[in-house]
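Visitor: For the record, the sequence lines run as chains A and B.
Take the first sequence: its position 101, counting from 1, is numbered 101 in this note's numbering, and each next residue is one higher.
Take the second sequence: its position 340, counting from 1, is numbered 340 in this note's numbering, and each next residue is one higher.
Hints should not be assumed to be uniformly reliable.
Simulated pairs of lysine-lysine, DSS-like, Cα-Cα distance not exceeding 25 Å [unchecked claim]:
{"hint": "1", "chain 1": "A", "residue 1": "K113", "chain 2": "B", "residue 2": "K213"}
{"hint": "2", "chain 1": "B", "residue 1": "K168", "chain 2": "B", "residue 2": "K348"}
{"hint": "3", "chain 1": "B", "residue 1": "K82", "chain 2": "B", "residue 2": "K64"}
{"hint": "4", "chain 1": "B", "residue 1": "K31", "chain 2": "B", "residue 2": "K81"}
{"hint": "5", "chain 1": "B", "residue 1": "K88", "chain 2": "A", "residue 2": "K113"}
{"hint": "6", "chain 1": "B", "residue 1": "K64", "chain 2": "B", "residue 2": "K140"}
{"hint": "7", "chain 1": "A", "residue 1": "K113", "chain 2": "B", "residue 2": "K64"}
{"hint": "8", "chain 1": "B", "residue 1": "K64", "chain 2": "B", "residue 2": "K348"}
{"hint": "9", "chain 1": "B", "residue 1": "K355", "chain 2": "B", "residue 2": "K82"}
{"hint": "10", "chain 1": "B", "residue 1": "K408", "chain 2": "B", "residue 2": "K424"}
{"hint": "11", "chain 1": "B", "residue 1": "K195", "chain 2": "B", "residue 2": "K175"}
{"hint": "12", "chain 1": "B", "residue 1": "K408", "chain 2": "B", "residue 2": "K169"}
{"hint": "13", "chain 1": "B", "residue 1": "K408", "chain 2": "B", "residue 2": "K64"}
{"hint": "14", "chain 1": "A", "residue 1": "K113", "chain 2": "B", "residue 2": "K423"}
{"hint": "15", "chain 1": "B", "residue 1": "K169", "chain 2": "A", "residue 2": "K113"}
{"hint": "16", "chain 1": "B", "residue 1": "K82", "chain 2": "B", "residue 2": "K318"}
{"hint": "17", "chain 1": "B", "residue 1": "K348", "chain 2": "A", "residue 2": "K113"}
{"hint": "18", "chain 1": "B", "residue 1": "K408", "chain 2": "B", "residue 2": "K81"}
Please keep in mind that the hints were generated in silico from the structure rather than gathered at the bench.
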Amino acid sequence: MIMEQLAGNMVQGLVLGSVYGMATMGLSLIFGVLKVVNVGHGAFVMVGAFVALFFFNALGLNPVFAVPAAFAIGIVLGLAFYYAAIRKLLHAPELATLLATFSVGVLLEETVKMIFGSEFRGYNWDLGNVDLVFTALPISKIFAAFGSVLIALLLYLWFKRTRTGSAMRSVVEDSRGAEVCGVNVDGVYAMSFALGIGLTVASGVLLTMFIPVGINPYMGGGYTLKAFVIAVLGGLSSPYGAFFGGLVFGLIENTSYTMFALIPGVEPFALTRFLSFLILLIILLIRPTGIIKAK
Amino acid sequence: MKRFPLKSLVFLVGCVFLFCGISAYAAPPEKIVIGHPACLSGKYAKAGEQAVGGIEACIHWVNKEYGGVTLDGEKVQLDYKKYDCESKKESVTSLIGRLITVDRVDVVFAPYSSGLTLRGAPIAEGHSMLYMDHGGANNKIFEQGFRYTVQTIGPATSYHKGTLDMIKKIAPDAKKVALAYEDSEFATMVMEGAKAHARELGFDVVFERTYPKGVTDLTPLLSAMKATDPDFVLGGGHFEDGQLFNRQMSDLNIDVDCLSLIAAATLPAFYEALGSMAEGVMGPSHWEYGVTYSQEAAKAAGTRWIGPSQDEFVSLFKDATGDADMVPDYHAAEAGAQVLAYVLAVEKAGSVGSKEVRQALGDLEFMSFYGNWDINESGLQVGHSMVDVQWQAGERVIVWPESAQTGKPCYPMPTFAEKAKGKKAQP
């Protein structure tokens, strides 16, 4: 029975971890290129969740179609945010960008609240379950995991195989050097920021495919915290590392529960959090750059 | 120059002070101000919005229909001063201080939730200010020795009594109960009460686990719960986790005869979010449209009635919120009823002084659209009874207690596979 639960939780953890990873890639990309910590990250995830909700409930469309739409909305939001605030604050003290991203997060939350209200919403995209003997896996979750892996792969290829991707990597490596070599650093900054926000908003759609309930303007806070843990785990400057960190985090969260449940008198969920942060601390001490170093 | 006699000066000053004192004592205030650190944003914004609507609806009723609060033979209007506490504990403490010292309110209504209510209580207590709790059900609030805190919402320990009584009566073979709930002051207290009552009734608690606030995945906990094969499940904590609980039980094909979730399950948003998956799911509620409290019922029970009727309250609430589509839920009703309790207590005390009004509240018993009101010595609400609501064919039906039923309970509820095929919960 325990082995069945463990196997089931491992599968569920991997699926959830892939979505967590995808939801963190944008944060890592922005930090990697611009050295800006986006503390409003969760609010952009929330925007994506509302895009999915709007597509399904108002337009009657499959949430899969909401992924490109959310990505496009994220790109527009990212460009607007970059040119309105971030660009002017790039050389200001770090606190300025922290406050700017925090303010935008609050602004987004309150704007969404004004439009949609503060109720906890959800949509019911029920495609049935796949019975894996030791657990049942909803097909919508499989879509979410598949979408996350696909987007992560596309991003990897874009970075490795395109000139723009190379330009971005050169800016991460040495922005001054890249500028000397003719790279439009300001353009790369704008594109990276927009891409990071686009990925984050798109991840909001994928998260709702995993958990299509509890959608509300303030849902992002928990994801911001998780994203920071995952980003540090995987390497704060590395989007691929973030994806890998997400998988590890999902696995830790789900499988350690089963193990801790065997200890009498403890609340397993409390210990899973403890373990997540303990591992984070150990990794920071042993390898401060995270599991995967930015390339 | 002739000096002004000192004795005359002392006499004159004394007269002025005496006059001012008498005037201040005798004249009723121009208005009575209710202060409220309301949750207008943040995680409790929905409940806060409902509470504010309920309060404004009942203040309107008191001022317009009731004519105001009778104090020293004069009618005094109620006023309402609110700030947004953003559902944050640190804001609650500073705003209560501001309401008392700057705005000079006459009473403070607590914010929504047990945690926020408990955080604000010492501040009100420090100012000897009456602090009325409409959204904090945790019994522990009333075990701290606060002298000025009184409760309108019922205590958390009574939430699932009705549910358990119902199952005992309609399904005597049901034995195994699983408890899975949020690790919060409120939910823990609810489940302590449920566990004690379940054991009194002879049920076996086969599973008991908590999950943290803000949880995004309950799969490990629910998988472990499934292994214990419970007959019925009592769970939840607040809004988002309740939806998640139901959804992930469906994802994992965990079928039980009854699922009752606190806070979330009784709200329309629950069914809107989950659709058919919510069919048959139950939840305890402090108030639902359809309850049978009325002027006639109060008369029959030999107690005093005050306030609008149920339908009048709904209409006043819609006017207050400016949203004709918004329906009041129990958060609105309990906050509104609190206004009525305060009005009766001020009239009974003949004063707005916190000490006098608190004493009057202790002696007060009445019925309103929300139900009965009576508190014990510690300020805990003991007069109000809860109802159990079940989603049947997309409608909320009051299924327990039998005296308040608007429909029979559906037990066992349909399986998730049946619900996916469109089967509705029918008695």
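Visitor: Indicate, hint by hint, whether the structure satisfies it.
Guide: Do the hints match the structure? See the list:
| no. | hint | verdict |
| --- | --- | --- |
| 1 | A:K113 <-> B:K213 | holds, 21 Å |
| 2 | B:K168 <-> B:K348 | violated, 42 Å |
| 3 | B:K82 <-> B:K64 | holds, 20 Å |
| 4 | B:K31 <-> B:K81 | holds, 12 Å |
| 5 | B:K88 <-> A:K113 | holds, 17 Å |
| 6 | B:K64 <-> B:K140 | violated, 37 Å |
| 7 | A:K113 <-> B:K64 | violated, 32 Å |
| 8 | B:K64 <-> B:K348 | holds, 20 Å |
| 9 | B:K355 <-> B:K82 | holds, 23 Å |
| 10 | B:K408 <-> B:K424 | holds, 14 Å |
| 11 | B:K195 <-> B:K175 | holds, 13 Å |
| 12 | B:K408 <-> B:K169 | holds, 13 Å |
| 13 | B:K408 <-> B:K64 | violated, 39 Å |
| 14 | A:K113 <-> B:K423 | violated, 34 Å |
| 15 | B:K169 <-> A:K113 | violated, 44 Å |
| 16 | B:K82 <-> B:K318 | holds, 19 Å |
| 17 | B:K348 <-> A:K113 | violated, 42 Å |
| 18 | B:K408 <-> B:K81 | violated, 43 Å |
The structure does not agree with the numbered hints 2, 6, 7, 13, 14, 15, 17, 18 stated previously, though it agrees with the rest.
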